[in-house]
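Visitor: So the chains spell out like this:
Number of protein chains: 2
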Amino acid sequence: MEVPASLVKELRFKTGAGVMQCKEALTASNGDIEAAVRWLREKGGAAAAKRVGRVAKEGLIYSYIHPGSKIGVMIEVNCETDFVARNPQFEQLVKDLAMQVAASSPTCVSRDQVPADVIEVEKDILKKQAEGEGKPAQVIEKIVTGRIEKFYGQVCLLEQPFVKDMNRSVQDMVTEAIATIGENIVVRRFVRYQLGGD
Amino acid sequence: MEVPASLVKELRFKTGAGVMQCKEALTASNGDIEAAVRWLREKGGAAAAKRVGRVAKEGLIYSYIHPGSKIGVMIEVNCETDFVARNPQFEQLVKDLAMQVAASSPTCVSRDQVPADVIEVEKDILKKQAEGEGKPAQVIEKIVTGRIEKFYGQVCLLEQPFVKDMNRSVQDMVTEAIATIGENIVVRRFVRYQLGGD
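Protein chains in written order, with my numbering: chain B, 1 to 198; chain P, 1 to 198.
Extracted from the complex, chain B is given alone in its bound form (with noise of 0.2 Å):
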């Protein structure tokens, strides 16, 4: 089947995806373009973990307000081109992540950020409520892992549920996006301010 320019292009605008993979996803999806898009999505998945560890440093700075201007975030998303950084898929990404900051107060991004002696420090509080609630000694170092996990999904932007759909982490819908858009992206710093906070 031949696929139009017209159908590339907009299928291209739509998910950031290389143009042969749009003409691909179009000849399998007989010139479909939602099912297309589904194609790229699912096909994506593997294309993925290919995609993550490329340089990314082009993208968006991006700050979201809360009404009454109490609390702020402003965040800066990274992918490979400046294409993708106006693709409205990637500047929803974008806007999603920074209500997740306001909405769940993340201190990091990812856990390889959270300073070994703060885990140190939890650590050593988790196993003395462990050791408090009367857990059998045996299994309080397996408590303790269990919690850490919390810990981490509570504190790092990317482990934590996605306010938008809680089954979902945000770093799930970071990789569906890397999937469906064909870029590596890169969640690469935020700060998030709250009147009269520190």
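Calculated from the structure, these hints are not laboratory results.
Among the hints, a few may not be true.
Listed next, the in silico DSS-like pairs over lysine-lysine satisfying Cα-Cα at most 27 Å (straight line) [unchecked claim]: (1) 95(P) <-> 95(B); (2) 70(B) <-> 57(P); (3) 95(P) <-> 50(P); (4) 43(B) <-> 57(B); (5) 150(B) <-> 123(B); (6) 95(B) <-> 70(P); (7) 70(B) <-> 23(P); (8) 70(B) <-> 128(P); (9) 70(P) <-> 57(B); (10) 164(B) <-> 150(B); (11) 164(P) <-> 70(P).
Computed beta-carbon distance windows for the label pairs [as the list claims (entries may be wrong)]: (12) 121(P) <-> 33(B): 54 to 60 Å; (13) 104(P) <-> 154(B): 35 to 41 Å; (14) 111(P) <-> 194(B): 25 to 31 Å; (15) 121(P) <-> 150(B): 42 to 48 Å.
For every residue, glycine included, the Cβ atom is placed at its ideal position computed from N, Cα and C.
With the hints as your guide, set chain P onto chain B.
Guide: Same frame as chain B, but now just chain P:
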């Protein structure tokens, strides 16, 4: 002269000044609101000094994203009451401050936030520069002190020349706002992101 309550209200909304002060200003200006604003501005100069140091924990969080979304600024500016936080003059001040940060990239709010070791290193560099320029030993210290002042004027937001009026410093503008608005105003913190920057 009897001052109409509606005029007091308008002046109060315009400047954020207290009721008594607005009445006084309008009486002195024969009910001319523009003259009353000027009166408050001049009269306020002395009052501003008294207001500095009063607790300011209300205010606004505001962000400015430069067109293209590659530079962003978020800022928190405090005042004493939520009433003033919603005052248009205060809002304009906050906007001007955010634009200032976007345009002039300060690294901190005021000179007390510049780490002592940064100043030591800078002094060392400046001293060697002055020596390299063959300046006599007895004036080098003076030169270094002068250039350190210039350095503060570059890195500290409050000491920068105000981009909308380079004859005044940002501090002058804030002091004027304290005088006119009638509350202490504190630039609490800001952050400036540039795409791909640190």
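Visitor: Can you confirm whether the C-alpha distance between residue 164(P) and residue 70(P) stays at or below 27 Å?
Guide: OK: residue 164(P) and residue 70(P) at ~22 Å, within 27 Å.
Visitor: Would the hint linking residue 70(B) and residue 128(P) be met if the CA-CA limit is 27 Å?
Guide: violated (47 Å)
Visitor: Do the alpha carbons of residue 95(P) and residue 50(P) lie within 27 Å of each other, as the hint requires?
Guide: Between residue 95(P) and residue 50(P) the Cα gap is close to 25 Å, so the pair holds against 27 Å.
Visitor: So the hint says 42 to 48 Å: do the beta-carbon atoms of residue 121(P) and residue 150(B) match that?
Guide: holds (44 Å)
Visitor: Is it true that the CA of residue 95(P) sits at most 27 Å from the CA of residue 95(B)?
Guide: holds (22 Å)
Visitor: Given a hint of 35 to 41 Å, does the C-beta separation of residue 104(P) and residue 154(B) actually sit inside it?
Guide: holds (37 Å)
Visitor: Given the hinted pair residue 70(B) and residue 57(P), is their Cα-Cα distance within 27 Å?
Guide: holds (11 Å)
Visitor: Given the range 25 to 31 Å, decide if the beta-carbon distance of residue 111(P) to residue 194(B) lies inside it.
Guide: At 26 Å between Cβs, range holds.
Visitor: Can you confirm whether the C-alpha distance between residue 70(B) and residue 23(P) stays at or below 27 Å?
Guide: Given pair residue 70(B), residue 23(P) is violated - Cα atoms ~32 Å apart, limit 27 Å.
Visitor: Under the criterion that the straight-line Cα-Cα distance not exceed 27 Å, is the pair residue 95(B), residue 70(P) satisfied?
Guide: holds (15 Å)
Visitor: Can the restraint linking residue 43(B) and residue 57(B) be considered satisfied, given a maximum Cα separation of 27 Å?
Guide: The hint holds at about 25 Å.
Visitor: Hint check: residue 70(P) vs residue 57(B), CA-CA at most 27 Å. Holds or violated?
Guide: holds (11 Å)
Consistency with the previously given hints fails for numbers 7 and 8, ordered from lowest to highest.
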